[in-house]
Structure formats: C-alpha cells, structure tokens
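Residue numbers (the numbering used here), protein chains in the order written: chain L, -18 to 143; chain B, -18 to 143; chain R, -18 to 143.
It is possible that some hints are incorrect.
Stated by the list, open to error - Derived CB-CB ranges, DEER-like:
#, chain 1, residue 1, chain 2, residue 2, range
1, L, D114, B, N81, 38 to 48 Å
2, R, G67, B, K45, 14 to 24 Å
3, B, E119, R, D86, 36 to 46 Å
What the hints assert, rightly or not - A few chain R residues that don't get close to chain L, going by computed Cβ distances all over 10 Å:
#, residue
4, F(-6)
5, T10
6, S13
7, E34
8, M43
9, M50
10, L68
11, K74
12, K78
13, E87
14, Q93
15, E94
16, E119
17, G122
18, L124
19, T140
Worth flagging that the hints you see were computed from the coordinates, not collected in a lab.
Here the structure is a predicted model, which means the values were calculated and not measured.
Ideal Cβ positions, reconstructed from N, Cα and C, are used throughout, including at glycine.
If you want the building blocks of each chain, they are given just below.
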Amino acid sequence: MADEKEKLTIVMFNGDLDHALAGFTLATTAASMGMEVSMFFTYWGLNIIKKNEGKIRSKGLMKKMLNFMNRGGSKRLKLSHFNMFGLGTWMMKKLMKEVNYPSLDEMITMAQEMGVKLVPCSTTCGIMGISDDDAFREQIGSLAGAAFFLNEARQSKVTLFI
Amino acid sequence: MADEKEKLTIVMFNGDLDHALAGFTLATTAASMGMEVSMFFTYWGLNIIKKNEGKIRSKGLMKKMLNFMNRGGSKRLKLSHFNMFGLGTWMMKKLMKEVNYPSLDEMITMAQEMGVKLVPCSTTCGIMGISDDDAFREQIGSLAGAAFFLNEARQSKVTLFI
Amino acid sequence: MADEKEKLTIVMFNGDLDHALAGFTLATTAASMGMEVSMFFTYWGLNIIKKNEGKIRSKGLMKKMLNFMNRGGSKRLKLSHFNMFGLGTWMMKKLMKEVNYPSLDEMITMAQEMGVKLVPCSTTCGIMGISDDDAFREQIGSLAGAAFFLNEARQSKVTLFI
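Construct the entire structure; sequences and hints are all you get.
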C-alpha cells in the first residue's frame, strides 16, 4: 500500500440522534480536512439514511411490522439517553439551533455534497426485507456487504464503529 | 513492523444479539478474506461466549446474583432495541432463517473453525467471579488482560470496539 | 509520518460506569506500556470528567435542566445494564473493591499522573451550554473540536470509539 490515502471509514451501527450527529460531525470535519470518507450503515444505523417521507414497502407481516416500528428518517431519530418521551430530543434540537449548529438533515446533505460515500449494508437490508430502491434518501450508494467495508477499512488511517 | 500481517482485532464489549451478529459477521468475513482475526470479550460481551447449558458456579451471594441475572450463552441474547419482551428478538431470528442466514451459534462455531481467536478478558472475569473453567464454550482461548488486547491491536490494520 | 509514535486515541461517547471503566483500563494500561494516550470526551462521555462536587452554572432554563439531569462526575455514573435502581452499580463497585481493583475516580487520577491527555469536546460543550471553566476536574486539557481528534487519530496506531 505504497501511496495509502488518508482515509476515514465509519460503521454506523446505532440509529440514535446522538450517534448520528457524532458520526456526521466527524465525517464532514474529516472531509473538510481533505480526507476521503466512507460511512457504512448497518442494523439500526440504516434508519439514519432512510427517507423522511413515505414508507418502506416490504412483503410479509413480520417485515411490515419491523419496518413500521423502525421507520427511520433523519428527522425522526431520538436521543439514546434523556429522550424523556421526546422532550430531551426536542431540547437538544432547540439548543443546536441556538448556536447555529446545522440539523442532522442538513449535515447529511452537506456530507454528500463534500463527497462522503454513504453505503447501506446489504445483509441487514436482506434480513429486514428492505429491498425497495426508494427506502433511502437520494444519492445513496449501492448496497454492499461486510467484505466491502473491510476493504475500505484496511485502506484507512482511522476506522470507527459508532 | 516490517512485515505487518493484515489483522483485525475486535473488542466485544456489548452482549446483545445485534452487536454479537455484527461482530461475528465481520470476523468470519475477514477470516474468509485471509485476514487474521482476534476477538476480545469484556464486560457484557462475555455473555456471547458463555455456554448455553449449565450455569456458572461462583462464590458469594453477589457474584451468584450477578451471574444468574447475566447468564449469557449465544442462544439467550436479546436485541439491544426492539426486544419487545422477546417478540422482536424472535422475529429477527425468524427473518434470518428465512434468508438462510446462519444463527449466531453457528457463526461462532464457524469463526472458531476458521481460526478466529476468541479471548475472554481476565479482569472482568476476576471482578465478576467467573473463575470457573467451564463457564465458556469449548475451545475458547485462555483469559488475557488489556495488555494482550493492546498488543494485538497495535499490530492490526483495523481495530473495532463493538 | 516517518517516525510515527505508538499512540492510542479514544473517543469517550458514552457516559456509563462500565464504558468509563473500560476506557480508563485501556488508557492506563497503554500508558504503562509506553504508549502516548489521548482521550476525547463528547456527548454523554463528558459526564465522566465532570467534577464530583458543585454544580454547573449555565444560562437559560433548558440548559439548566439538561445539566441538572445530566450532572455527571465519576462517582455518580451508573452501569449501562443491570443498574437495577442502583443495586447493580453498587454491587459492581463492591466486587471491584473485593479484588482491590481501583475505583473509577482513582483510575482517572492515575491516568492523569501517567500523562494521559483528557480533552473535552468544544462542540458538545457549546451546545449544552457548559461554558463554565470549573465544570471539569482539575488538569483537564482545553476544549477542542472534531478536527483536533481527527488529527490525533490519524497519527495513532489504534483508535477506539467507546
């Protein structure tokens, strides 16, 4: 690996607002520092890049239930702690606005504009029945598996599991 | 480190079904790609490699309580989200079967057959009173501490804390 | 990066007793092995290095509420699992004492004496209104942002997100 590029690879496993904000703050900062950034979304992390509108079509009762309860979309995420039936999450968003911090939704768009690669995990999608092309926001990369992630990771200076 | 081997080291800190599946999917995929893989189990992560049968013998009321409530075994793990008194976990397992995805138990056996090293953390075992040799599945490596893990990690291309 | 030092960088994102103990066990072990260690505290992780005495002064009702409920201090942290209204956390501390394992508070002091750098995240502090200089324990480094962390991380052999 003679001319290894400075690269950051992140697995987004958790789908809470706080994990998402931490991930995208690191991703956009790294991109602005000239690093190449890949984010790989698996398990609950898939919720972060689901569409805010519409719903996911899937076949079978269990998949329908799972995808209904686990609907996702950057605007629906909650804090992993201190959600307090929505109050904590609402306060957090309010405080972010007060200091002019971008919303998660704006950060995702910003990351995409900066060239950060957003890749959904094919295995989780397969198990949860998210076969639908329009489950995710626009300009999301094609589904890929663990081998793809590991290949990215072993070319990276820094790899994080969030 | 002139001829550094391509190595993956994982700390398994969480003991939920989803974390365990993510860890073993990465471990087995990396092994199939020719990487050397070590997994270091600490705190709740120890539950993943505990035996499914029998119980852990430990001395003292508190240790007995802790080990009873925290019984572990790959077949007893629950999802970290959407467990819903067992319903979510049951649905997840069912959906995995539908697409012929191996169960966690099968994946652990597979990882062992592929040469993935599974190492329990000696410090956690010491504190929780898991002194018993037969607490863990067969062919688990000897207990080792943080220094062991750090040595593995600094020879690794990729290190993850799951 | 011709003479890259053996360095460990840790993001402390979670603020539970178990995550804190895992982080500081790794940090002090790495320092004793001659590694250079930086710990970067963000989100709930900030609670770990907050003062045990006194309270955080902040302006505005929401910030006051958030900082009251999220008071922190190494002696107030709880386990992420099996807290059981404090019983599990109390048992854990008791068991640690039985095997003469240092308390979290002692480990943080020890880490500082060994030269481990403890750095609070400026962005989280800004959003949560922790502007107060005396929110944190003594000898904590100045606030720094994601760019600081990424710079440390890309010079590190091992980087963990805990």
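Here is what the structure says about each hint:
Evaluation of the 38 to 48 Å hint for D114(L) and N81(B) yields a failure: the beta carbon distance comes to about 23 Å. At roughly 19 Å, the beta carbons of G67(R) and K45(B) sit within the given window of 14 to 24 Å. The hinted range of 36 to 46 Å is satisfied by E119(B) and D86(R), whose Cβ atoms lie roughly 40 Å apart. Consistency note on F(-6)(R): stated as away from chain L, yet its beta-carbon is not over 10 Å from all of that chain's, at 6 Å minimum.
No Cβ of chain L approaches the Cβ of T10(R) within 10 Å, the least distance being about 20 Å, so the stated non-interface status holds. No Cβ of chain L comes within 10 Å of the Cβ of S13(R); the nearest lies about 24 Å off, and the non-interface call holds. The claim that E34(R) is not at the interface with chain L holds, since no C-beta of that chain comes within 10 Å of its own (minimum 23 Å). The claim that M43(R) lies off the interface is violated: its Cβ sits roughly 5 Å from the closest Cβ of chain L, which falls inside the 10 Å cut-off.
At roughly 6 Å from the closest C-beta of chain L, the C-beta of M50(R) falls inside 10 Å, breaking its exclusion from the interface. Every C-beta of chain L lies more than 10 Å from that of L68(R), the closest at about 20 Å, which supports listing it as non-interface. Listed as a non-interface residue, K74(R) keeps its Cβ farther than 10 Å from every Cβ of chain L; the least gap is roughly 21 Å. Under the 10 Å C-beta cut-off, the non-interface status given to K78(R) relative to chain L holds; the minimum distance is some 27 Å.
Every CB of chain L lies more than 10 Å from the CB of E87(R), the least distance being 26 Å, so the non-interface label holds. The Cβ of Q93(R) sits about 25 Å from the closest Cβ of chain L, beyond the 10 Å cut-off, so the non-interface label holds. Distance check for E94(R) against chain L: the nearest CB is about 28 Å away, which clears 10 Å, and the non-interface claim stands. No beta-carbon of chain L comes within 10 Å of the beta-carbon of E119(R); the shortest separation is about 26 Å.
For G122(R), the non-interface assignment is confirmed: its Cβ lies about 19 Å from the closest Cβ of chain L, beyond the 10 Å cut-off. No Cβ of chain L comes within 10 Å of the Cβ of L124(R); the nearest lies about 14 Å off, and the non-interface call holds. The claim that T140(R) lies off the interface is violated: its Cβ sits roughly 5 Å from the closest Cβ of chain L, which falls inside the 10 Å cut-off.
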